[in-house]
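Visitor: Given next are the chains, with one letter for each unit.
Protein chains: 2
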Amino acid sequence: MSIKRIPQVVIQRLPRYYRYLGDLLSRGITRISSGELSRRMGVTASQIRQDLNHFGGFGQQGYGYNVETLYVEIGKILGQDQEYRVIIIGAGNLGHAVANYTNYKKQGYRVMALFDSNKELVGKVVQDSLIYSIEDLPEYLREHRTDIAVLTIPKDGALDVVETLVEGGIQAIWNFASVDVPLPNSQVVVENVHLSDGLRVLTYRLKELREQKEHLQERGL
Amino acid sequence: MSIKRIPQVVIQRLPRYYRYLGDLLSRGITRISSGELSRRMGVTASQIRQDLNHFGGFGQQGYGYNVETLYVEIGKILGQDQEYRVIIIGAGNLGHAVANYTNYKKQGYRVMALFDSNKELVGKVVQDSLIYSIEDLPEYLREHRTDIAVLTIPKDGALDVVETLVEGGIQAIWNFASVDVPLPNSQVVVENVHLSDGLRVLTYRLKELREQKEHLQERGL
DNA sequence: AAATATATGTGAAAAAAATCACTATGCTCC
DNA sequence: GGAGCATAGTGATTTTTTTCACATATATTT
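Residue numbers (this note's numbering), protein chains in the order written: chain F, 5 to 225; chain R, 5 to 225.
Because the hints were derived from the structure by calculation, they are not lab data. Given the structure is predicted, the values throughout are model-derived calculations rather than measurements. Do not take every clue at face value.
It does not matter which identical chain is meant; a pair holds if it fits inside one copy or across any two.
No more than 30 Å apart at the CA atoms, straight line, and that leaves these computed lysine-lysine pairs for BS3-like [unchecked claim]:
1) 123 x 211
2) 123 x 80
3) 128 x 110
4) 123 x 159
5) 80 x 110
6) 211 x 110
7) 128 x 159
8) 217 x 128
9) 128 x 80
10) 80 x 217
11) 211 x 128
12) 123 x 217
13) 110 x 217
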């Protein structure tokens with residue numbers, strides 16, 4: 005109902021709700037209350053209700069939420085009611101992993117092609133998709149409508165590839181190259197993934213945990 | 005100086021500062037001001053200064069920050085002054101990718117072994133590390149001090165493996181299995197990675213972008 | 001059919017995070 | 001070595017996010 009902008013933090017929480025609801029759905033659970041969902045997810049019920057309310061009332065007082073309805077509605081918000089054509093630039097292990105992962109269980113993403121600069125890989129097939137030479141990318145983009153490009157290449161060539169992609173009309177880039185891709189212009193959206201960031205946060209918390217332990221030991225516990 | 009707890013959001017931003025500083029360092033830039041760094045990173049200078057101040061004054065008025073000092077200091081905060089022994093559970097594409105990625109350029113992480121349930125992979129070598137049978141995991145853990153376990157397996161067996169890991173004394177789990185691992189107890193830290201969450205946020209923003217475009221077209225622009 | 005229990009939606013309050021704006025310090029250049 | 005400039009550190013303010021708490025609506029039970 006509201007014209008008010010949806011806060012970014014809320015958007016970032018939606019995929020997690022979506023996962024949990026999908027899980028409930030596959031287990032045959034048809035109804036869920038914010039309280040029960042909050043217990044399972046480890047967040048507050050209040051936050052769940054407030055988040056969902058940004059998009060309108062999906063629930064019913066005294067009853068809760070219908071799992072399927074809520075799942076579908078959040079899916080729509082996230083754009084999961086459409087199919088996206090995906091290409092993957094970089095057919096190394098990570099490219100393969102993403103190809104597997106993305107095609108998995110028909111989630112609305114279709115990997116159409118992979119590209120690599122290694123001539124030995126060109127012509128091979130991954131998950132029903134062909135690996136092309138990176139040199140064929142401009143031509144491919146001219147001939148095939150493509151929604152999302154995934155970058156699973158080392159950082160060195162990454163920004164050049166981005167230029168090619170943007171010139172070829174790509175509107176969304178999922179970037180795993182270890183370099184931040186700045187927004188080339190307002191006609192493109194970019195999601196920069198830095199796996200190592202998560203690993204470093206983990207290390208921080210491990211350090212913290214160990215320090216805590218030491219403190220306890222010092223006090224003879 | 006402070007005993008005050010560091011906000012989680014600040015911790016999550018540190019790895020990004022760390023990356024940018026590492027990049028500056030490798031390009032021979034020895035000094036940087038919060039203003040200049042803010043321009044490069046696309047955040048406010050104020051936020052940078054405030055974030056860093058949680059850990060004490062690393063800068064100097066009228067000069068800025070010494071890139072190397074700041075890099076090293078943030079590294080220490082993140083626990084990058086130590087080496088971590090890593091094992092990878094799941095030697096598929098993602099496991100391989102993480103093995104490559106984690107060992108890269110001697111970043112303080114050493115991949116010691118991989119484990120897989122596929123007998124055909126057992127005995128092979130990835131990045132100087134041997135692939136073991138998953139059945140050997142308990143024994144391995146008894147004999148080798150290990151800091152971090154990475155889970156790159158499908159979600160089905162994931163929680164069982166976590167149990168084995170925790171019983172074996174693992175304190176940190178970096179989980180790529182498509183299921184949230186709840187904190188088994190307060191002696192373990194877990195970082196759940198859901199690649200698809202980022203993809204869905206990207207899709208949301210792509211949808212938004214396209215809707216915006218449509219609106220503009222309707223108004224004849 | 002009434003009574004009771006449940007659980008949403010939401011305005012208000014509280015807490016957290018980000019930004020502002022200024023002070024004081026040390027650098028740089030003349 | 002002094003003047004002016006640049007910039008960190010930081011208290012105050014603003015904005016954003018989260019949580020609280022309750023009125024209302026629906027379901028369920030007796």
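Visitor: All the hints need checking, so say for each whether the structure fits it.
Guide: Structure-based check of each hint:
1. 123 x 211: For residue 123 and residue 211, the Cα distance exceeds 30 Å both inside one copy (44 Å) and across copies (35 Å).
2. 123 x 80: neither (40 Å within a copy, 42 Å between copies)
3. 128 x 110: For residue 128 and residue 110, only the intra-copy Cα distance (22 Å) is at most 30 Å; the inter-copy one is 32 Å.
4. 123 x 159: within (19 Å within a copy, 34 Å between copies)
5. 80 x 110: Classified as within; 16 Å inside a copy, 43 Å across copies.
6. 211 x 110: Only across copies: residue 211 and residue 110 sit 19 Å apart there, 40 Å inside one copy, limit 30 Å.
7. 128 x 159: The answer is both: 24 Å in one copy and 28 Å across copies each meet 30 Å.
8. 217 x 128: neither (52 Å within a copy, 38 Å between copies)
9. 128 x 80: Answer is neither; intra-copy 35 Å and inter-copy 44 Å both fail.
10. 80 x 217: Result: close only across copies, 19 Å inter versus 46 Å intra.
11. 211 x 128: neither (44 Å within a copy, 32 Å between copies)
12. 123 x 217: neither (52 Å within a copy, 39 Å between copies)
13. 110 x 217: Between copies, since 28 Å is at most 30 Å while 45 Å is not.
In summary, the numbered hints that this structure violates are 1, 2, 8, 9, 11, 12.
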